[in-house]
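Asker: Below, each chain spelled out in residue letters.
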Amino acid sequence: MHRLDAYAHASRLRHVHPLNKFAFALTVIALCLVLDRPAVSAAALLWMAGLSLLWGGATPGFVLRLLAAEGLFLALGVVAVAVQIGPVGQGGGWSATVTPASLAQAGALLLRAFACASAMNFLALTTPILELAAAAQRFRAPAALLDVTLMMYRSVFLLLETLMRMQRAQESRNGYASWSATMRSAAALGSQLFAASWRSGQRMEMALQARGYEGGALPMLTPAYTLSRTWPAVACLVLATLLGLACL
Amino acid sequence: MISKPSLRRRTMQIATITVALSLLATRPAHAMHIMEGFLPWPWALFWWLMTLPFWIWGVRRLVFLMRERPETRMMLGVAGAFTFVLSALKLPSVTGSSSHPTGTGLGAILFGPAVMSVIGSIALLFQALLIAHGGLTTLGANAFSMAVVGPFVAWGVWRMMRKRSLWLAVFLAAALANLSTYVVTSAQLALAYPDATSGFIGALMKFGAIFAVTQIPLAISEGILTVLLFNALQSNAAAELRSLGALENVA
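Quick note, the sequences are listed as chains A and B, same order.
In terms of my numbering, the first sequence opens at residue 1 and continues consecutively.
In terms of my numbering, the second sequence opens at residue 249 and continues consecutively.
Careful: at least some of the hints might be erroneous.
[As the list claims (entries may be wrong)] Just so you have them, the derived chain B footprint on chain A, three or more residues with Cβ under 8 angstroms: (1) 28 to 34; (2) 155 to 166; (3) 184 to 192; (4) 220 to 226.
Just so you know, the hints here were simulated from the structure itself, not pulled from any lab data.
From a predicted model like this one, the values you see are computed outputs, not experimental measurements.
Glycine included, every Cβ here is placed at the ideal spot set by N, Cα and C.
With the hints as constraints, model all of the structure from the sequences given.
Answerer: Here's what the structure looks like:
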């Protein structure tokens, strides 16, 4: 989680406007879903993984690890699509079968999901959530919603750090040695974390009020976005390839 | 004497069952969300539209809360982060592997279902973009099962039971929220991919069976954990619980 966020902040594509990247990734996903052709999916998978690696600056190992983690979840769902169950004969017994058609459907589905996942990973690897949420202000998203999102983003990393520290302390005292000890430790951890997060929220609120904050979107620094000529050209090329493959 | 085609079919069945079981055994410990690209676009759109009214309702409630009590602005953000981080707790499952709670039951008890529908959906967005788990087009479907149905079930159970027995209310709210999330997820998958021969019911059985093995013990574990957590909260953070109104009308 920290690494994915770190890649997003260090990405070489960070100068591209977040909404630009968001629209691009979403268009690729939409094309994969609507066209639903294995050739389109394969091309999208290669393009998006390639762009994250070569242009975004992510390492091949990390991109593969993300896809592998997603693949494990996908595999479970795909098995259920590939296997068909139904009544057999007059006896009323049920059996599971695999037909060539169901296998083909499952294969195409796996490829499509991988393609869409790699498009989502591209967005995650090149765009910090913070900037994406700030950019959503343009669409007149309610300020209350944006504030909560931005606060959540800021607190998530702090709380996770606290959680890890507490967990390590409990582990070093055999807090997770047995089933019942794990339950007790997890409950203590959760309640302490709740109290800690509540108090940190109160402190933050007090600090802001002391500085004259009266509600409204919190100002934040965003990097200067530039519109290079290469980015739209590459984006159009990717979309053209996908559409071209669909026409073949 | 077994004829050749049926022998082949038998071998195929054994092979698929083995694959399915080995996948279950190596299942990484995380909540089950529908991955990006798994739902066909009409279904993805359908679940977005189904969730939209709840989001509008939740955001309205959020705006109202912030206008009424401006200090809740920070609290809601931190509370949202808490529900997100809660899913990183280690939860032992009866089957031996460890997993993570969904936290929607506790969230609904503490903050109510309207606020949870928004906070839970933002947490799902974070899961998609921070740990590459879940999806953007499938966010509607995942939010409907985890941020709408789960909290509503928990809230309903909590409201009905809290006057009779506090621990039972907390247990059932958390366990049923967890379970209903997975039932809805299975139904969503079955609707999108009905079985060629046995239709929706067959598909529901398939997807349900895959999840049930791990989910039923997990739901019980989450229920027990939430009871312990709630007890600990009562002694560690009673003032906070009271200001949230979570201790009103309880047994």
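Asker: Give a verdict on every hint.
Answerer: Quick rundown of the hints versus the structure:
Proximity of the region 28 to 34 of chain A to chain B, defined as three or more residues with a beta carbon under 8 angstroms from a beta carbon of that chain, is established by the 5 residues found. Figure legend: the region 155 to 166 of chain A, annotated as covered by chain B; annotation consistent (6 residues with Cβ-Cβ distances under 8 angstroms, at least 3 required). Only residues whose beta carbon comes within less than 8 angstroms of a beta carbon in chain B count, and the region 184 to 192 of chain A has 8; three or more means the coverage holds. Proximity of the region 220 to 226 of chain A to chain B, defined as three or more residues with a beta carbon under 8 angstroms from a beta carbon of that chain, is not established by the 0 residues found.
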